[in-house]
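Q: For the sequence shown, our numbering assigns the number 26 to the initial residue and increments by one for each residue that follows.
Don't read these hints as lab results, they were simulated from the structure. Among the hints, erroneous ones may be present.
To be verified - In silico lysine-lysine, DSSO-like type, Cα no more than 27 Å apart, as pairs: (1) Lys108 / Lys136; (2) Lys136 / Lys160; (3) Lys160 / Lys108.
In this text, all values refer to a predicted model and were calculated from it rather than measured experimentally.
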Amino acid sequence: MSRSILTRDPVKTAMNGAASVLGEDRGRSFAFMLGGPHTGGATESLARRAAGGLPVTVERSWLRLSELSFPVQTVPETEAAEKRMLDATLEHTDIVVVSPLYWYSVSAQTKLYLDYWASWMTRPGLDFRARMGGKTLWAVSTFARGEAQDAQPLVGMLERTAQYLDMTWGGALLCRAHRTGQLAGHDASRYADFFATAPKDPFLRTKRVGPLRHAEELEAS
Numbered sequence: 026m027s028r029s030i031l032t033r034d035p036v037k038t039a040m041n042g043a044a045s046v047l048g049e050d051r052g053r054s055f056a057f058m059l060g061g062p063h064t065g066g067a068t069e070s071l072a073r074r075a076a077g078g079l080p081v082t083v084e085r086s087w088l089r090l091s092e093l094s095f096p097v098q099t100v101p102e103t104e105a106a107e108k109r110m111l112d113a114t115l116e117h118t119d120i121v122v123v124s125p126l127y128w129y130s131v132s133a134q135t136k137l138y139l140d141y142w143a144s145w146m147t148r149p150g151l152d153f154r155a156r157m158g159g160k161t162l163w164a165v166s167t168f169a170r171g172e173a174q175d176a177q178p179l180v181g182m183l184e185r186t187a188q189y190l191d192m193t194w195g196g197a198l199l200c201r202a203h204r205t206g207q208l209a210g211h212d213a214s215r216y217a218d219f220f221a222t223a224p225k226d227p228f229l230r231t232k233r234v235g236p237l238r239h240a241e242e243l244e245a246s
């Protein structure tokens, strides 16, 4: 397993429709907080597809939460890991929570990361809450069984977190995945404009699914 927890996206994508929204704002930067248990899982794959639509002027960083450890007592190694996570959270304008749907909510490692937000809010001199204000919070998640409305607790928790910290709620991208952990073979361009055009409604507007009006589903086969 790689020991690097913070990596940069290589510039692979040409300017596209998203550039009309984000291209002129060269100060935008996205931190993708990967909360899945496996490298390259379905939820990470979905996030990378969506990130591929960002214009080349927008910085992207990837933080793998499973490679961070949080012991009961503080030691220098974990202080360094926490600092990298904290710096990534504060330095980027957009925070993307990338987590599979576990028991109607985020993964344990993602929840632990969010618990650190509460700790940082009480740290003297950090001004974490004030510094988070004005950023944008997003969610990317996949589910293998059930329906998109089962993710309502996950989306609601993150949306309320954004409201509490005076952040903008960008929206949530929800997709069905195979039980093997792979997304169905749909054209990646279908998600390329998500971060540019996602509505304030917490679901991407493509399909009516039960009481939750909008969700994108990848059909497992």
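Q: Look at each hint and say if it fits the structure.
A: Going through the hints against the structure:
1. Lys108 / Lys136: holds (18 Å)
2. Lys136 / Lys160: Distance of about 19 Å is within 27 Å: holds.
3. Lys160 / Lys108: holds (19 Å)
No hint from the list above goes unmet by this structure.
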